[in-house]
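**Student:** Here the protein sequences line up with chains A and B, keeping their order. With our numbering, letter number 69 in the first sequence gets 69, and the count goes up by one each step, no holes. For any residue, its number in our numbering is found by taking its place in the second sequence, counting from 1, and adding 1000.
Please keep in mind that the hints were generated in silico from the structure rather than gathered at the bench. One should not assume that every hint holds.
Quick look at which bits of chain A chain B covers, simulated, 3 or more residues with Cβ under 8 angstroms [stated by the list, open to error]:
1) 41-49
2) 89-100
Short derived list, chain A residues pointing at chain B, Cβ under 7 angstroms [said to hold, decoys possible]:
3) 6
4) 24
5) 34
Beta carbons are placed, not taken as given, at the ideal position from N, Cα and C, and that holds for glycine.
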Amino acid sequence: MSSPILTRLALAGQVKAGGHVEARWSAAHPMNSGFRVDDSGNRIPKNIIHTVRAYLNDRLIMEADLGTAMTSPVYLAFPVSVPAEGGIVKVIWQDDLGQMGETQQRLVI
Amino acid sequence: MLKSAFFSLLFCGSLASSAQTVSSEPFKLPSGPLNQLSGQAFLSPSLKAMQSDASTNPISLWLEQGRTLWNGAAGKPSCAQCHGDIETMKSVAPQYPKWSDKQQKLINMEDQILTCSQRTLRPLKSLENTELLSLSALLHSSSAGLPFQILPNKDSQKRWQVELNAGAKLFTTRMGRMNLACTHCHDLNIGKTMRADVISPGHPTGFPIFKLSWQSMGSIDRRLRACYSGVQAEVPAPGSPELRQLELFLKSRAQGMAIEGPSLRR
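Work out the full structure: start from the sequences and follow the hints.
**Tutor:** This is how it looks when you write it as structure tokens:
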């Protein structure tokens, strides 16, 4: 999926079966709240990432409904428990313009 | 459904307070002379922590994109096809701004990337373009640790000196409704507080920067324009000769200091 929005997913901590790592996801999305105006005073329409879903081996582990108070770049951190067989953490996002993106990282034990 | 069960979300009202445990250590400047300190010394402990951890540092996003553009996707044209590995380019960023005989003006790193991109199938459009900034960030990060090499070309020495003098003059000329010159803050009042910030000597070692108040990366060009606006002077257009002259002066003023690569600023 190609998208002009830069996203990044990093896994912090030691990857050990049965342990936890912290997944840190960020996206350089403009996150226009809908309240800002441009140089000529016209309102910039609201366009924020409204949904972020995280999957571990295709199982939904986290779903976030984001609001207009999020900064840009968006940053979310959440713990992931490492399954014995390892796996793939995948984060999918969607914004008000209908743009979507996906980032994944492998959990290598 | 699983929303409350299994996560703690850390919302970044302020990025600085995220993920890292927020340090309550007060901000302290190192002892000794202040006029050779880089902007790094003026970061709060929590910003320093954020800067040093690639997984929380937002600049990683731009660096990653820069690397993708540099190396290109399989079979696609890329910067590396002409310029080779990014490591071979580390002596490039310290040389800018320099006098271009061809364009008969001072050009900085971002100008050069913009010019270079016009010869490719993917010309970039503006100086503050995300792709341009990510390439600039990548080039500057490969030069991290190297000192500036601000020198004139052999045959345009005179012209170069004129530009440098113009930069020095700008640095010491009062302007704007505040009626301040750069030197009044960045030479004479280093270490004092101005509103909620501490005044630095203004050495341009950490560009391009990710400025939290911009919520984005920006070049030295943009930062200097912000200074003009800060003293309520007429803001020059992006890429104006006076911005390049000022950059040339600032970098020769920081001669001997090391480039730090793309940095976080407040």
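**Student:** Which hint numbers does the structure go against, in order from smallest to largest?
**Tutor:** Failing hints, ascending: 1, 2 and 5.
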